[in-house]
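Asker: Modelling step: build the complete structure from the supplied sequences, incorporating the hints.
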Amino acid sequence: MGVYREGKYTLKFTNLPVLAGTYTVAGPIEGQGPLGRYFDLVYEDSLLGENTWEKAEVRMLHEAVDGVLKGRNLRASDIDYLIGGDLLNQITASSFAARDLDIPFLGLYSACATFSEALIVSAMMVASGASNRVVAGVSSHHDTAERQFRFPTEFANQRPMTATWTVTGSGACLIEKEEEANKNLPRLSSATLGRVVDAGIKDAYDMGSAMAPAAADTIKRHLEDTRQVPEAYDLIITGDLSRVGKPLVEDLLSQEGIEVMRVLNDCGIIIYDPKQDVHAGGSGAACSALVTGGYLYKELLNGNWNRILLVATGALLSPTTIQQGESIPGIAHAIAIER
Amino acid sequence: MLKASKKEEKRFANMQEKRKPPVPLGSNLIRAFITGGLICVVGQAIMEILKMLGIPPDGAAGPTAAILIVISALLTGFGVYDDIGRFGGMGAALPITGFANAIVSPAMEFKREGFVLGLGARMFTVAGPVLVYGLVTSTVVGFFYYLLKG
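Protein sequences appear in the order of chains E and Z. Using our numbering, the letters of the first sequence map in sequence onto residues 1 to 339. Using our numbering, the letters of the second sequence map in sequence onto residues 1001 to 1150.
Treat the hints with care, since some could be wrong.
As the list claims (entries may be wrong) - Below, in silico cross-link-like pairs of lysine-lysine (DSS-like), each with a Cα-Cα straight-line distance of 27 Å or less: (1) Z:Lys1010 with E:Lys220; (2) Z:Lys1006 with Z:Lys1020; (3) E:Lys8 with E:Lys183; (4) Z:Lys1018 with E:Lys275; (5) Z:Lys1006 with E:Lys298; (6) E:Lys220 with Z:Lys1020; (7) E:Lys220 with Z:Lys1111; (8) E:Lys202 with Z:Lys1111; (9) Z:Lys1007 with E:Lys202; (10) E:Lys220 with E:Lys202; (11) Z:Lys1018 with E:Lys220; (12) E:Lys70 with E:Lys220; (13) E:Lys12 with E:Lys298; (14) Z:Lys1003 with Z:Lys1020; (15) Z:Lys1003 with Z:Lys1018; (16) E:Lys8 with Z:Lys1003; (17) E:Lys12 with E:Lys177; (18) Z:Lys1111 with E:Lys55; (19) E:Lys55 with Z:Lys1006; (20) E:Lys202 with E:Lys12; (21) Z:Lys1007 with E:Lys220; (22) E:Lys202 with Z:Lys1020; (23) Z:Lys1010 with E:Lys202; (24) E:Lys220 with Z:Lys1149; (25) E:Lys70 with E:Lys177; (26) E:Lys275 with Z:Lys1007.
Read the hints as simulated data drawn from the structure, not as lab findings. What you are looking at is a predicted structure, and each value in this text was computed from that prediction instead of being measured.
Answerer: Shown next, in the form of structure tokens:
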């Protein structure tokens, strides 16, 4: 038995699945950001020389998966399953990347929380003994997201200060059975699946506020289920709450008597410099994937941290629900990474 | 709380209000004033040049607007006008150059889905409502004008 339930909603893994490798592909703005040097491949042009943004996103995901395989001298046939998703309608970036990869593909969607969802499903696959090696990969692209969710990319609008900037990039992770991997690599130890929480926010330019209640809910339930204090983690990092949503999580948890201020950070805040004119911060499925696969993973290897709780957050909206005046439900899935 | 009740929604909205970044109203207004003003200065300059070239004053407005539209379309194509819009807000959106941008930018964006279902069908996704309600309003006003004058 490799997976069991602890508390109400948390999964504990025995034979801890190993995070055996990561590969990150970043767009130009992400490369210029403060974490630029942590990414494996940075493109200067967000089209990658392709003729559509969508093709560029597919290629980024394909290259991330290729990169993580090359890092361990593996071939596609060594991988049992490819698990991932993206933000495009019908998650076409992932399925089109999978079309050329020749690995059985499981497509997921939890908006920008897709990355932690993919890690959780991969960890379950491996911990249960159903598979030896799984690759989890997600992507997002500023321009494909803009044209689908908002306005044409060259349209001259002024975004409000609560708006976030969709991260262009892709991250892939290799999750391996304990016996296959090096002893000192980080492992995935537990996960808490999030509930869909809707606090009534209707502003599609303020997704940080819309997702904050879901993030607070998942963090609280994870700590309760595993009977831990926030300081049990060196870092609790949310996906893309931005400078608007992160303080709200602190407020919401503080009301419940949980003080996370000292250990809480957000991938969307640290991926860009405030001077980069991205307003409240970064968002998108690739936001947590780039920060985790690039920065967090490398700092875990360096020994700067030992235990991290990644809480990727997703806003489950569509242009149709927004136009019809519906509020924005949020979701957050947590996964603990430790060495 | 999963779907928040009205009371919970209100409590959260209060909390959110305290954490919202302030809207930079002062600088937004100044930037809109400068941007909109400069676009009008350029328009006026074009009009004066046209007049110097011998176009009668009451005939110069049309060509001036056309030239502004061409300039805006070019700037949109070169990827400059969205930066002007981000800086100037309504100062860049309201003049005729903003209207041109609202038509050229979806035309560029959706050309990749073909000339009929992409460019043709979606060119007016942003500007369409302005045209629809502009035409409806002018029809209604024209009708009453006809009645009252007749």
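Asker: Are Lys55 of chain E and Lys1006 of chain Z close enough, with their CA atoms no more than 27 Å apart?
Answerer: violated, 43 Å
Asker: Given the hint that Lys8 of chain E pairs with Lys1003 of chain Z, does the C-alpha gap stay at or below 27 Å?
Answerer: Status holds; Cα separation ~20 Å.
Asker: Verify the proposed pairing of Lys70 of chain E with Lys220 of chain E, using a straight-line Cα cut of 27 Å.
Answerer: Status violated; Cα separation ~38 Å.
Asker: Holds or violated: Lys1010 of chain Z and Lys202 of chain E, Cα atoms, limit 27 Å.
Answerer: Roughly 13 Å between the alpha carbons, so the hint for Lys1010 of chain Z and Lys202 of chain E holds.
Asker: For the pair supplied as a hint, Lys220 of chain E and Lys1020 of chain Z, is the alpha-carbon distance within the 27 Å limit?
Answerer: holds, 23 Å
Asker: Given the hint that Lys1003 of chain Z pairs with Lys1018 of chain Z, does the C-alpha gap stay at or below 27 Å?
Answerer: This hinted pair holds, its Cα atoms lying about 22 Å apart.
Asker: Does the structure keep Lys12 of chain E and Lys177 of chain E at a Cα separation of 27 Å or less?
Answerer: holds, 15 Å
Asker: Take a quick look at whether Lys1006 of chain Z and Lys298 of chain E sit within 27 Å of each other, Cα to Cα.
Answerer: violated, 45 Å
Asker: Keeping to a limit of 27 Å between CA atoms, is the pair of Lys1007 of chain Z and Lys220 of chain E held or broken?
Answerer: Holds: Lys1007 of chain Z and Lys220 of chain E sit about 22 Å apart, inside 27 Å.
Asker: Can you confirm whether the C-alpha distance between Lys1018 of chain Z and Lys220 of chain E stays at or below 27 Å?
Answerer: Distance of about 22 Å is within 27 Å: holds.
Asker: Sort out whether Lys1111 of chain Z lies within 27 Å of Lys202 of chain E, counting only the CA atoms.
Answerer: violated, 31 Å
Asker: Quickly compare the C-alpha distance for Lys220 of chain E and Lys1111 of chain Z to 27 Å and report which way the hint goes.
Answerer: Cα-Cα ~47 Å, so violated.
Checked against the numbered hints above, the structure violates hints 3, 5, 7, 8, 12, 19, 20, 24 and 26; every other hint is satisfied.
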